[in-house]
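Colleague: If you read the protein sequences in the order shown, they are chains Y and E. Quick note on numbering: my numbering labels position 51 of the first sequence as 52, and the sequence is numbered without any gaps. Quick note on numbering: my numbering labels position 550 of the second sequence as 553, and the sequence is numbered without any gaps.
Just so you know, these hints were derived from the structure itself, not from any lab. Accuracy of the hints is not assured; some may be wrong.
To be verified - Partial list, derived from the structure: chain E residues whose beta carbon lies under 10 Å from chain Y:
hint : residue
1    : Glu63
2    : Ala65
3    : Lys66
4    : Phe67
5    : Arg73
6    : Gln75
7    : Asp76
8    : Val78
9    : Pro80
10   : Val83
The structure displayed is predicted, hence computed values, not measured ones. Glycine residues also receive a C-beta, built at the ideal position from the N, C-alpha and C atoms.
Single-letter residue listing:
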Amino acid sequence: MALALSVDPWASEYESALQLDEEPDDGAPDFPVRTDVETDEWRLMIPEFTPLPSPVAFIDGVQRVELRVLTDQEGKRVFGAFASLGVGTVFAAEGEPRLAPERPLRALAFSSGANDDPWIVDCGTTSLVFEVHSSPESGYKGVKEALGHHRLDRETRLGRRLVDEGHALIIMDGRLRFTPGRGFAVGLTKTLHYMYLVAPEVNLLKDVRPQTRTPVFAISFKDEPRYSWYTRLAEPRPIDHNLAGVVRLETMASIGIEAAVRLADLTTVHLPRFASSPIWDARAPQNLYPFAALEQRLRHELGDHAWVRRAIEAHIMGGGP
Amino acid sequence: MNEVGLVIGTRDSQPLEFWVGVSPQSYLQLDDVVAVTSQVPERGEVTLYGLVDDVRAFYEGAKFDSDVFRVQDGVLPVDVATVAHVSVTRVEPELFVPARPGQAVRRATGEERDRALYFDGMEHRFPIGLTRDGEPLWGNLDFLDGSRGAHVNISGISGVATKTSYALFLLYGLFHSEVLGADRTNARALIFNVKGEDLLFLDKPNARLNEEEAAKYTTLGLSSGHFQDISLMAPVSRNVIGEPVPDTGSRQEGVTPYFWSLRQFCQERLLRFLFAEADSESSQIGFAVTVAERYLERETEGQHGRGWVEIGGRRLTDFHDLVNHITENAEEVFGGSRLAQATQDAFLRRLHAADEAAGHLIRRTDTEEEESRYRIDWQAGQVNVIDIHNLPDRAKRFVVGVVLKQMLADKDRSGQRRPLVFVVLDELNKYAPAEGWSPIKEVVLDIAERGRSLGVILVGAQQTASEVERRVVANASFRVVGRLDTAEAQRGEYGFLTAAARARASILKPGHMFLHQPEIPVPLLVQFPFPSWATRSEEVAPMKVGEIPRGFRA
Numbered sequence: 002m003a004l005a006l007s008v009d010p011w012a013s014e015y016e017s018a019l020q021l022d023e024e025p026d027d028g029a030p031d032f033p034v035r036t037d038v039e040t041d042e043w044r045l046m047i048p049e050f051t052p053l054p055s056p057v058a059f060i061d062g063v064q065r066v067e068l069r070v071l072t073d074q075e076g077k078r079v080f081g082a083f084a085s086l087g088v089g090t091v092f093a094a095e096g097e098p099r100l101a102p103e104r105p106l107r108a109l110a111f112s113s114g115a116n117d118d119p120w121i122v123d124c125g126t127t128s129l130v131f132e133v134h135s136s137p138e139s140g141y142k143g144v145k146e147a148l149g150h151h152r153l154d155r156e157t158r159l160g161r162r163l164v165d166e167g168h169a170l171i172i173m174d175g176r177l178r179f180t181p182g183r184g185f186a187v188g189l190t191k192t193l194h195y196m197y198l199v200a201p202e203v204n205l206l207k208d209v210r211p212q213t214r215t216p217v218f219a220i221s222f223k224d225e226p227r228y229s230w231y232t233r234l235a236e237p238r239p240i241d242h243n244l245a246g247v248v249r250l251e252t253m254a255s256i257g258i259e260a261a262v263r264l265a266d267l268t269t270v271h272l273p274r275f276a277s278s279p280i281w282d283a284r285a286p287q288n289l290y291p292f293a294a295l296e297q298r299l300r301h302e303l304g305d306h307a308w309v310r311r312a313i314e315a316h317i318m319g320g321g322p
Numbered sequence: 004m005n006e007v008g009l010v011i012g013t014r015d016s017q018p019l020e021f022w023v024g025v026s027p028q029s030y031l032q033l034d035d036v037v038a039v040t041s042q043v044p045e046r047g048e049v050t051l052y053g054l055v056d057d058v059r060a061f062y063e064g065a066k067f068d069s070d071v072f073r074v075q076d077g078v079l080p081v082d083v084a085t086v087a088h089v090s091v092t093r094v095e096p097e098l099f100v101p102a103r104p105g106q107a108v109r110r111a112t113g114e115e116r117d118r119a120l121y122f123d124g125m126e127h128r129f130p131i132g133l134t135r136d137g138e139p140l141w142g143n144l145d146f147l148d149g150s151r152g153a154h155v156n157i158s159g160i161s162g163v164a165t166k167t168s169y170a171l172f173l174l175y176g177l178f179h180s181e182v183l184g185a186d187r188t189n190a191r192a193l194i195f196n197v198k199g200e201d202l203l204f205l206d207k208p209n210a211r212l213n214e215e216e217a218a219k220y221t222t223l224g225l226s227s228g229h230f231q232d233i234s235l236m237a238p239v240s241r242n243v244i245g246e247p248v249p250d251t252g253s254r255q256e257g258v259t260p261y262f263w264s265l266r267q268f269c270q271e272r273l274l275r276f277l278f279a280e281a282d283s284e285s286s287q288i289g290f291a292v293t294v295a296e297r298y299l300e301r302e303t304e305g306q307h308g309r310g311w312v313e314i315g316g317r318r319l320t321d322f323h324d325l326v327n328h329i330t331e332n333a334e335e336v337f338g339g340s341r342l343a344q345a346t347q348d349a350f351l352r353r354l355h356a357a358d359e360a361a362g363h364l365i366r367r368t369d370t371e372e373e374e375s376r377y378r379i380d381w382q383a384g385q386v387n388v389i390d391i392h393n394l395p396d397r398a399k400r401f402v403v404g405v406v407l408k409q410m411l412a413d414k415d416r417s418g419q420r421r422p423l424v425f426v427v428l429d430e431l432n433k434y435a436p437a438e439g440w441s442p443i444k445e446v447v448l449d450i451a452e453r454g455r456s457l458g459v460i461l462v463g464a465q466q467t468a469s470e471v472e473r474r475v476v477a478n479a480s481f482r483v484v485g486r487l488d489t490a491e492a493q494r495g496e497y498g499f500l501t502a503a504a505r506a507r508a509s510i511l512k513p514g515h516m517f518l519h520q521p522e523i524p525v526p527l528l529v530q531f532p533f534p535s536w537a538t539r540s541e542e543v544a545p546m547k548v549g550e551i552p553r554g555f556r557a
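Use the sequences and the hints to build the structure in full.
Modeller: Structure follows, in structure tokens:
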């Protein structure tokens with residue numbers, strides 16, 4: 002008999018949003034999950050409408066490797082990459098949401114703790130300054146880590162700054178990596194690497210519809226206790242698998258359970274409106290419109306890839322810095 | 004500096020056109036004049052001047068047309084970009100390089116605007132109207148008065164294109180500014196009134212002129228008012244016994260009736276102008292007309308001092324008599340000319356038709372004084388309005404043909420280009436149609452081709468330039484279009500319009516025209532002020548106490 006197949010809706014050039022059978026790299030539970038923090042009864046939550054603060058700030062970042070390089074430092078083989086990074090914000094309010102990209106950053110990332118002065122590369126009408134960043138990790142994994150750290154650091158700094166400037170609600174793409182002093186911030190994870198819930202609680206997920214959610218539960222990541230919840234951004238097609246469109250949100254436990262529940266309600270009610278359509282984005286609906294548009298803009302601001310790459314090659318050929 | 008944006012590099016910048024990214028803090032609209040200065044290696048600074056002829060705004064970052072709703076919902080963030088296309092009018096110094104992307108573009112004002120539109124080099128300039136934001140626009144008189152070119156041609160749909168109003172505005176500017184210099188008072192205008200009685204009130208101020216419109220005249224260095232020194236002539240009324248009166252409805256006082264005496268008709272060989280409908284050049288009718296003219300001239304030779312003629316001992320007092328005489332004596336008239344009977348018959352048929360249409364314009368007079376009083380004197384006033392609107396087409400052609408021929412003969416005799424004569428003639432397609440030949444077409448062509456050296460300036464107008472003899476339109480230095488039919492705007496006759504101007508020509512409002520003149524490579528959008536002279540009886544200001552009505556003055 003033929004198997005009953007269901008469809009993974011993301012475009013095939015992307016990995017699936019479901020990575021549950023992979024080794025959890027940064028999601029390993031170092032703290033027992035508690036599912037009784039909001040309610041004793043584990044059931045579908047249907048929040049009431051509450052108005053969204055305006056504007057909501059969406060923070061995201063992109064990175065692009067321009068050219069991979071190799072070198073030796075103190076007899077060790079060192080991997081490296083010239084890369085460009087961009088982070089920015091979308092301020093969404095009624096009317097026209099505003100894009101606020103930061104200036105793009107250029108980085109020369111190294112593995113194995115290698116170090117160097119910045120490389121200044123002439124590129125057309127301007128010159129690009131590649132600051133060196135490195136990770137103690139060896140191999141290309143170290144390069145990726147150095148770049149990732151740098152980008153996340155920039156995103157986090159931007160998030161902190163917006164909190165300081167008094168923005169009421171900040172939504173970060175990916176995990177939340179800072180504790181907002183005042184105001185609120187949530188992280189939105191669109192690729193599910195690790196399922197915090199186990200049976201029987203996990204069975205509720207397939208019943209979560211847009212504008213409903215699981216109860217808030219407590220987890221911990223890198224020793225920081227957090228509150229988290231699952232919601233669905235858009236109704237899946239009948240052929241899609243039963244977790245299509247499900248995302249996990251989290252906030253810091255330090256804001257207290259009541260505030261966390263308010264945030265959970267708010268995001269559950271309002272985020273489906275921002276969910277992208279599959280004709281617009283290959284990772285719909287999880288890649289929200291603000292993130293999709295911001296990434297498109299940030300990538301554009303990195304400049305033409307072939308042009309930058311050629312400028313770096315010409316620079317290396319000319320004898321380096 | 005009046006910076007409005009930067010030259011963009013995502014669309015090619017060329018020596019004669021480029022695109023400007025309009026800064027969000029500024030704006031550019033159609034017809035704005037801009038300038039951009041670039042540094043050229045080894046050559047120094049080059050400034051490109053141009054006119055904005057296209058402006059576009061769009062979302063950057065949106066993929067689908069429906070994204071606008073996502074944007075308005077506050078969901079999808081995008082940027083708005085506005086770009087403007089500039090057609091280059093002038094490059095100083097003449098080094099044809101493209102404007103460099105990234106270069107600042109500024110709004111050209113004052114002297115720089117004059118440079119962009121070549122006003123700085125116009126020694127003699129006359130007002131042609133205002134921009135939409137009220138800046139004056141000028142035409143180069145050298146291209147109008149015959150020194151380097153002549154003639155104006157105006158096209159546009161009847162009613163909305165305001166062709167006659169614009170022609171009159173041009174005349175008003177010429178006659179009420181210093182541009183014609185010492186010749187101003189001697190310059191003449193000959194205006195044929197073809198529609199309604201619009202032009203019978205040129206000598207009255209317009210009571211509906213408001214302050215805002217009056218200010219436009221001031222901007223152009225003109226005072227707002229009515230035409231001075233005008234002479235109004237209208238065809239004599241039919242079937243009136245006794246003193247001749249003009250055939251007009253709304254105004255009688257100050258209007259001179261006109262007609263020709265039988266003697267003038269015979270001796271000045273005016274018969275051909277009754278046969279002025281377009282014909283093929285090979286037609287024999289033309290020959291029949293010449294033969295008949297010769298006969299009439301010969302038979303009436305030496306008769307003067309009275310307005311009737313005697314032929315073969317018979318006194319002929321009106322045109323009807325003349326027609327009958329020719330019909331009865333056809334053999335004598337055409338004797339020896341070997342004209343086929345069919346041609347003679349055709350000639351007579353047309354002659355009878357002409358009697359119907361224009362017979363009343365040729366009648367007896369009793370004295371020589373009367374004879375000259377009622378014939379059209381094209382230089383009676385500075386502005387001579389000849390009303391023909393009530394006449395049948397055949398009679399219109401007769402009047403226009405006779406008057407133009409006489410005027411040309413007078414100018415030929417004087418041999419002087421100055422003072423200038425401006426001839427305003429609407430419905431050119433009737434007088435100089437694209438197809439066929441007629442004596443009046445010959446006269447109009449003569450003006451178009453020789454007028455430049457004779458000082459006769461044709462201000463011609465028609466609904467569609469494509470229906471007018473090509474050489475007449477081609478000889479006009481100033482080409483003007485008002486509202487055009489969309490299909491007509493696509494024709495080759497309007498090649499001077501840019502693509503954007505063609506599209507706009509079909510939505511031009513009354514009082515707005517595109518004008519092209521030889522020095523400026525792109526057409527300018529001009530608006531001209533509301534007439535400060537009355538164009539119908541309702542616009543005539545009530546008379547002041549103590550004012551003596553025209554016609555009652557000594």
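Colleague: None of the hints should be skipped; say for each whether it holds.
Modeller: Cross-check of the supplied hints:
no.: 1; hint: Glu63; result: holds, 9 Å
no.: 2; hint: Ala65; result: holds, 8 Å
no.: 3; hint: Lys66; result: holds, 6 Å
no.: 4; hint: Phe67; result: holds, 7 Å
no.: 5; hint: Arg73; result: holds, 6 Å
no.: 6; hint: Gln75; result: holds, 7 Å
no.: 7; hint: Asp76; result: holds, 7 Å
no.: 8; hint: Val78; result: holds, 5 Å
no.: 9; hint: Pro80; result: holds, 4 Å
no.: 10; hint: Val83; result: holds, 8 Å
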